[in-house]
Structures are given as structure tokens and as C-alpha cells.
Amino acid sequence: MYDFAAFAEPATWVSLLTLTLMEIVLGIDNIIFISIIVNRLPAAQQARGRTIGLILALVFRLGLLLSISWIIGLREALFTLNLPWQDVPFGVSGRDLILLGGGLFLIYKSTTELHTKLQGEEETDTPSVGSATMSNVIFQIILVDIVFSFDSILTAVGLVDNVLVMIIAVVISMGLMLAFSGAVAGFVNNNPTIKVLALSFLIMIGVMLVMEAGHQEIEKGYLYFAMAFSLLVELFNIRLRKKSPQGPVHLRDSNFD
-6 MYDFAAFAEP ATWVSLLTLT LMEIVLGIDN IIFISIIVNR LPAAQQARGR
44 TIGLILALVF RLGLLLSISW IIGLREALFT LNLPWQDVPF GVSGRDLILL
94 GGGLFLIYKS TTELHTKLQG EEETDTPSVG SATMSNVIFQ IILVDIVFSF
144 DSILTAVGLV DNVLVMIIAV VISMGLMLAF SGAVAGFVNN NPTIKVLALS
194 FLIMIGVMLV MEAGHQEIEK GYLYFAMAFS LLVELFNIRL RKKSPQGPVH
244 LRDSNFD
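In our numbering, the protein residues as written are -6 to 250.
Don't read these hints as lab results, they were simulated from the structure. Worth double-checking, as some hints may not be accurate.
If you anchor each label on the Cβ, the simulated ranges turn out as follows [what the hints assert, rightly or not]:
| id | residue 1 | residue 2 | range |
| --- | --- | --- | --- |
| 1 | F173 | V7 | 23 to 33 Å |
| 2 | V156 | T44 | 19 to 29 Å |
| 3 | R234 | Q79 | 48 to 58 Å |
| 4 | W6 | S193 | 30 to 40 Å |
| 5 | R234 | W6 | 39 to 49 Å |
| 6 | L136 | N230 | 28 to 38 Å |
Straight-line distance between alpha carbons at most 20 Å, and here's what the computed SDA-like set of lysine to any residue pairs gives [what the hints assert, rightly or not]:
| id | residue 1 | residue 2 |
| --- | --- | --- |
| 7 | K188 | R232 |
| 8 | K213 | T13 |
| 9 | K102 | I139 |
| 10 | K102 | L90 |
| 11 | K188 | L216 |
| 12 | K213 | L225 |
Keep in mind the model is a prediction, meaning the values are calculated, not measured. Where is the CB? At the ideal position from N, CA and C, for every residue including glycine.
Build the full structure now, drawing on both the sequences and the hints.
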């Protein structure tokens, strides 16, 4: 099952590096969600919540990797639907149901969090705020971890065929995310505009998962490029606001008279 001899070939190390970078990119979404959701906890419990969330994500990924045959089987249709706008029956697989449920949950949770932020509700270190408890937060993290882990492993299966390479890439990527999760969470929580932007990203990802459940594939490169560009623009805005003694930067009106 595990091909150790393959590590004598340079191509295996290239695959390992590529897959590790890909897993980190896909895992950023998970870190953002975990960072936002654990912010509902008291400050003293937030670091513990992030650690538990990422460890659970690692466990789910490794568990799915050891069940690759089951994952591949999830692509097979469980039942079919006769949709009026399609000439052929629409096959609904286990993968579709997982992506649909996860996408809808991500859209709902991100939208409610975004509504809370825009309504201006103050967040405190009181556990009763938002009725957030450790068990409630961990339950929500588990739901999202399952979806993100499923998507991550499907990507890994499509890139390489060596299970050992997949396992090593997942462990390295999750270790790096665990090491830097505190810094990412602090940056997101200390910059309200970044938090709003991150929630908007999660809504986009939720929509993408729902569309994939409907067999409408979206080129993820376009999505991540748009997210990276938006983040870069906001980082420039943050830098300008810090340099400006008047606070927020206001654009001048053009005068073409």
C-alpha cells in the first residue's frame, strides 16, 4: 500500500511539495472559519479551540486518506432525479450530498456572522455572548472540517496516487497551519475589514460547494485569484489607514469640468 521506494525518485518529492502547497491553500479556508467561530469563546479558551479544531481536521484528513476506496465509491450515484431542464437523469451521489450540506451550512453560518458584525454587536469575553460554548463551537468546527477535509482529499487523489505522499503532505500542511493559526486568528480578529472580507470569502466557497454538488464545476484557480486580489487590495488599505493621521483614507472626487 505504501511505496517507500518511490521517494528515491525526484518526481515524488516534486509531487510532495506541490501537494503540500495545495493542502495549505485549501486549508486557509478552514483556518479562517475556525478563527472566526472560536472568537465566540472566552479569550482564555480561543487558543484551545483553534488547536482542537485543527487537530480534528488532521484526524479527518488522515481517516479519509485511509479510506480512499470508500471516497471513490462516494462518486457513484445513490439515486437519480428527473429534472425538467435536463434531458438525462441527474445522479445524486454521496459526494453531492456532503458538498450540498456543507455548502449550505457554510453560507448560513457565514451570513449570520456577517450580519452580526454589520449590526455592530459588541463581542465580549463572556461565554454567554452568542450562546457559544466549547462543545457548541467544536460541533460546528467538526461539520466544516468534514466538508473541507473531503474536498482536500479529493484534490489530493487527483494529484498523486501514492497514499504515503498524501499522508506526509497532509501532516506537514496541518502542522504549519497549527503553528501559524494563532497569528492568522489575531490578524483577522484585529482587523474588522479583514474579518468581513474573510466571511465574504467563506460565502463564496459555500456557493462553490453547492454548485459542485449540482455538477457545475468551477475553476478554483479563478476563485482563489479573486480572493487573493481582494485581500491584497485590503492590505494596502490597512497600510494606508495606519499611515494617515486623519484615519480612513478618502478618495478625491474627479473634476472633469
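Each hint, compared with the structure:
The hint said 23 to 33 Å for the Cβ distance between F173 and V7, and at roughly 24 Å that hint holds. At about 26 Å, the beta-carbon gap between V156 and T44 stays in the expected band of 19 to 29 Å. Our hint of 48 to 58 Å for R234 and Q79 holds, since their Cβ atoms are close to 50 Å apart. Checked against the hint of 30 to 40 Å, the pair W6 and S193 passes, with Cβ atoms roughly 37 Å apart.
At roughly 43 Å, the beta-carbon separation of R234 and W6 lies within the given 39 to 49 Å, and the hint holds. About 33 Å separates the C-beta atoms of L136 and N230, a value consistent with the hinted range of 28 to 38 Å. Restraint check for K188 and R232: the C-alpha separation of about 16 Å stays at or below 20 Å, so the hint holds. Between K213 and T13 the CA atoms are separated by roughly 17 Å; this keeps the pair inside 20 Å, and the hint holds.
This hinted pair checks out: K102 and I139 have alpha carbons roughly 15 Å apart, not beyond 20 Å. For the hint linking K102 to L90, the alpha-carbon distance of about 18 Å falls within 20 Å, and the restraint holds. Taking the CA atoms of K188 and L216, the gap is about 18 Å. The hint holds against a cut of 20 Å. Between the alpha carbons of K213 and L225 the distance comes to roughly 18 Å, so the proposed pair stays at or under 20 Å and holds.
Of the hints listed earlier, there is not a single one the structure fails to meet.
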